Amino acid sequence: MIVMTELVSAKNLAVGYMSRTQWSHADFQLSQGEFAAVIGPNGSGKSTLLKALTGQVEIIEGELLIDGLGIGEGRRMIGYVPQRRNLDEDTVITSREFALLPHRARRLINNSKAERLESERLVDEALDSLGIGDLANRSISTLSGGQLQRVYIAQALSQRPELLLLDEPLSNLDIRASAQLAKSVSELVRGRGVGVMLVAHDLNPLLPYLDKVLFVANGRVVCGYPDEVLTSERLTDLFELPVEVVRDSSGRIAIMGDFSEAHHD
Amino acid sequence: MISNPLLLSVNSGTSFSINIIYDLVVMLRYPFMRNAFIAGSAVAILAGVVGYFIVSRRSSFAAHALSHVGFAGAAGAVVVGLTPLEGLLGFTTVGAVVMGALGKRGELRDSQIGIVLSFMLGLGVLFISLYQGYASEAYSILFGQILGISNASVIFTVVSAVVLLIVMRIALNVLLFASFDEEVANSQGVPTRLISYAFLIVVAITVAVAVQIIGVLLIFSLLVTPAAAAIRVSGRPRVAIVASVVIALLITWVGLFIGFYQPYPVSFFITALGFVVYLATRVKPLTAQLSRAI
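Sequence order for the protein chains is A and B. Just so you know, the first sequence maps onto residues 1 to 265 in my numbering. Just so you know, the second sequence maps onto residues 1001 to 1294 in my numbering.
Treat the hints as calculated values from the structure; they're not laboratory data. Since this is a predicted model, take the numbers as computed values, not measurements. Where hints are given, some of them may not hold.
[Claimed, not checked] Interface residues of chain B toward chain A, partial, derived using beta-carbon atoms under 8 Å:
| id | residue |
| --- | --- |
| 1 | 1055 |
| 2 | 1173 |
| 3 | 1217 |
[Said to hold, decoys possible] Subject to a maximum C-alpha distance of 20 Å in a straight line, what follows is the list of computed SDA-like cross-link-like pairs (lysine to any residue):
| id | chain 1 | residue 1 | chain 2 | residue 2 |
| --- | --- | --- | --- | --- |
| 4 | A | 113 | B | 1169 |
| 5 | A | 11 | A | 21 |
| 6 | A | 183 | A | 207 |
| 7 | A | 113 | B | 1172 |
| 8 | A | 183 | A | 162 |
| 9 | A | 183 | A | 252 |
| 10 | A | 11 | A | 28 |
| 11 | A | 113 | B | 1236 |
| 12 | A | 113 | A | 125 |
| 13 | A | 183 | A | 208 |
| 14 | A | 113 | B | 1102 |
| 15 | A | 183 | A | 32 |
| 16 | A | 113 | B | 1170 |
| 17 | A | 11 | A | 60 |
| 18 | A | 113 | B | 1174 |
| 19 | A | 11 | A | 223 |
| 20 | A | 113 | B | 1238 |
| 21 | A | 183 | A | 145 |
| 22 | A | 11 | A | 25 |
| 23 | A | 183 | A | 251 |
| 24 | A | 183 | A | 202 |
Cβ coordinates follow ideal geometry from the N, Cα and C atoms, glycine included.
Using the sequences provided together with the hints, build the complete structure.
Right, here's the structure in full:
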């Protein structure tokens, strides 16, 4: 059984770029082995949340800890999968070599043979665990969107992170591929006890697996269990805007509301 | 005997024999051919390595623009009484810094590069018109002067290549990470912006060194073509870099060899051979076989 400890802790957090606040007054926690979705309208600051955890945006106010450590030390525990640019035919590197890049970059001159072998073992294991071991020697520019996302996640996982941050891995995937990837990520969370924060536009492929939801909108972040947060009353109350959460007969969710109004800091 | 005052081609008065070793010995009796082989080899190795990153980082157009910046610098240097090499180095290095500052994360838009490129070409034309000397200076900048390279230039070329190759070797792992996966590298504390600047300066010096050999207009043949062909052969960066160097060396050596026995410009043979190799790597069955072999 996995012991649940507080992996991410944010208290009264405000972040932004060049001292311009993107969102503030955020309080949220994520425990080891928990799977959280980060959702919200375009431009609300979902990716900013992940970048705050990787130290790429300024913390203007409040506290953000990873396993009790500040970002500088804590980010070593993170496996980060950002939204990546489109690949062209000149991006010729095999999946295995791509996943090995961060391992090799740890040393300026070549790592020792033992380190190299260990890195290769971890990468091969991660590729296999995501079901893409047979793609190890294929160039990433020839892979489908779903396969490519699995390579990116394998790269992050091979570094044995405590916390996995995935920025819109389901975008550009069809319904089937989204569902398969969500299931794979969920299995990894349960199997390895890794905490996951996954930014998504569509919550539905993730719903069966989620422990928590972070809803980012209008300069605020709301965190809680899906059934608790994703109700019309709660979101209307939290954002002081008319928000409607609609569920169909199969449990699929749609969140409707006008979040375009500029927030005030 | 050298027949062409611009030193673009050679008429050695000899012809191919069946014995290639003998042909090589005959050719290397000439000091200017020895210089051409030494400097050409140094530039080919450097261009093969740096070119791999130029292609992988999609900076081919930026490298091309830097060569045109170098043209303006070389032409301007001649006007004020400096050597073309001093002008090349000065302008390409400053050009690299400006490009790094203009471009977000060291990546420039094609339109920005094109604007700088055309302005620099125009500036070069102005400098050439102001220069009262021989037009051969302009030709040697535009098309290279591999057969007329001096002993001092050979030493400079070799030393520059060795220093830059050492720098590239030290930075190899981090540069690969930053080139293929900039965002993740950045999130792990790799100074990707600084690396972009540093790499542009390495490209600038490489361009300055290579322009002496192959010229502004044909620089792609050593700086981009071998690397573009090599990435079709292997998706393993280290293997592709070695392949890029091998291709660059081969086309330079064979180009010089043929150029010695034929009355046509060596630059033409180097560019033509590079083009043929690139076309060959576009033939999928051949590439697939090579990939399996290595």
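Hint-by-hint comparison with the structure:
no., hint, in the structure
1, 1055, "6 Å, holds"
2, 1173, "4 Å, holds"
3, 1217, "22 Å, violated"
4, A:113 x B:1169, "18 Å, holds"
5, A:11 x A:21, "16 Å, holds"
6, A:183 x A:207, "10 Å, holds"
7, A:113 x B:1172, "17 Å, holds"
8, A:183 x A:162, "19 Å, holds"
9, A:183 x A:252, "16 Å, holds"
10, A:11 x A:28, "7 Å, holds"
11, A:113 x B:1236, "18 Å, holds"
12, A:113 x A:125, "18 Å, holds"
13, A:183 x A:208, "9 Å, holds"
14, A:113 x B:1102, "41 Å, violated"
15, A:183 x A:32, "18 Å, holds"
16, A:113 x B:1170, "18 Å, holds"
17, A:11 x A:60, "12 Å, holds"
18, A:113 x B:1174, "18 Å, holds"
19, A:11 x A:223, "12 Å, holds"
20, A:113 x B:1238, "16 Å, holds"
21, A:183 x A:145, "16 Å, holds"
22, A:11 x A:25, "8 Å, holds"
23, A:183 x A:251, "17 Å, holds"
24, A:183 x A:202, "15 Å, holds"
Violation of the numbered hints given earlier is confined to hints 3, 14; the remaining hints are satisfied by the structure.
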